[in-house]
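Student: Chain residues, written in single-letter form:
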Amino acid sequence: MNTAKDFRHPLKRARGLGSAQSGVSHWWTQRVTAAALVFLSLWFVVTVLSVLHADYATARAIVAKPWNALLLVAFVLTVCWHAVLGLQIVIEDYVHTRWKEVSLLVLVKFIAVLGTLATLMAVLRVALGA
Amino acid sequence: MADTQRPLSPHMGIYKWQVQMVTSILHRGTGIALAVGTLLVLWGVFSLAQGEDSYNQFKICIGSPIGLVLMFGWTLALFYHLCNGIRHLVQDGGAGYAIPQFVRSSWLSIIVSILLTVIVWAYVLTAGGAA
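Sequence order for the protein chains is V and S.
Terminal number for the first sequence in my numbering: 305, no gaps in between.
Terminal number for the second sequence in my numbering: 134, no gaps in between.
Isolated chain V (complex conformation) (with noise of 0.2 Å):
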């Protein structure tokens, strides 16, 4: 951080209010998870197009193939990533109770690492026939 061309008040970076210098990162992360879900989201498209008219023991051993495993664990991983960093902007943009904000913030982001431990789970249980 340049102090020496910073204008501000150190009483204003105090009390919270200036810049968490955090920005850039989460604008970037957004588009970098973008970029990955234009693949992934083709694949999980062409994915579910095959499982869709398969039973069971053939859907299993479609989601079962390594690369499938694989690009599952990526999707919903990526996704949920980019799904918190979306709705974060969302409710930051709406909700202007600052216990509701917060509130949701971090449900958002309960719900979503819950999603994700919980899918990889069992894409691995699929996967490793447990």
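Fair warning: there could be bad hints in the mix.
[Stated by the list, open to error] Chain V side only, calculated, beta carbon under 8 Å to chain S, not exhaustive:
1. V213
2. V220
3. V238
[As the list claims (entries may be wrong)] Straight-line C-alpha distance at most 30 Å; calculated DSBU-like pairs for lysine-lysine:
4. V:K284 to V:K187
5. V:K284 to S:K62
6. S:K62 to V:K240
7. V:K275 to V:K187
To be clear, the hints were calculated from the coordinates, so they are not data collected in a lab.
All values reported here derive from a predicted model rather than from experimental measurement.
From the three backbone atoms N, C-alpha and C, an ideal C-beta is built for every residue, glycine too.
Please arrange chain S on chain V, whose structure you already have, making use of the hints.
Tutor: Showing chain S alone in chain V's frame:
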């Protein structure tokens, strides 16, 4: 709703509807819908791990009229968010900001996402009935 007294930006109601506005609003809307729809992916994979009975139950649910409407909506939302997302990535690179290009790419996002949805559902319905 707000607990601070700050000036408000002009309400959306005063603007004439334009396609660039629609694509921007739809991008947020479909983003939220897709976040909720991701729970369906979790349910599907979970039922697959759980066993044949719960997987068949899952297929019956998404094959029901309400399930099919939701699946169709999510297909459209996914393709729209994908197409418009690519448009945004191009714009983030600094291209396509002239007003005619901006309007044209807005329509392109909408039309291509509808086309992709129609192709996918044509396949779903012709390859042996829904779900």
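Student: Taking the hints in turn, state whether each one holds.
Tutor: Comparing the hints with the structure gives:
1. Taking 8 Å as the C-beta cut-off, the interface hint given for V:V213 holds, the closest approach to chain S being about 6 Å.
2. The criterion of a C-beta within 8 Å of any C-beta in chain S is met by V:V220, whose closest approach is roughly 7 Å, and the hint holds.
3. Nearest Cβ of chain S to the Cβ of V:V238: about 6 Å, under the 8 Å cut. The hint holds.
4. A hinted pair counts as satisfied when its Cα atoms are at most 30 Å apart, and V:K284 with V:K187 qualifies at roughly 29 Å.
5. Straight-line distance between C-alpha atoms of V:K284 and S:K62 comes to about 28 Å, which keeps the hinted pair within the 30 Å bound.
6. As the CA atoms of S:K62 and V:K240 are separated by approximately 21 Å, the hinted pair is consistent with the 30 Å bound.
7. The straight-line distance between the Cα atoms of V:K275 and V:K187 is roughly 24 Å, inside the 30 Å bound, and the hint therefore holds.
Violated hints are absent here; each numbered hint is respected by the structure.
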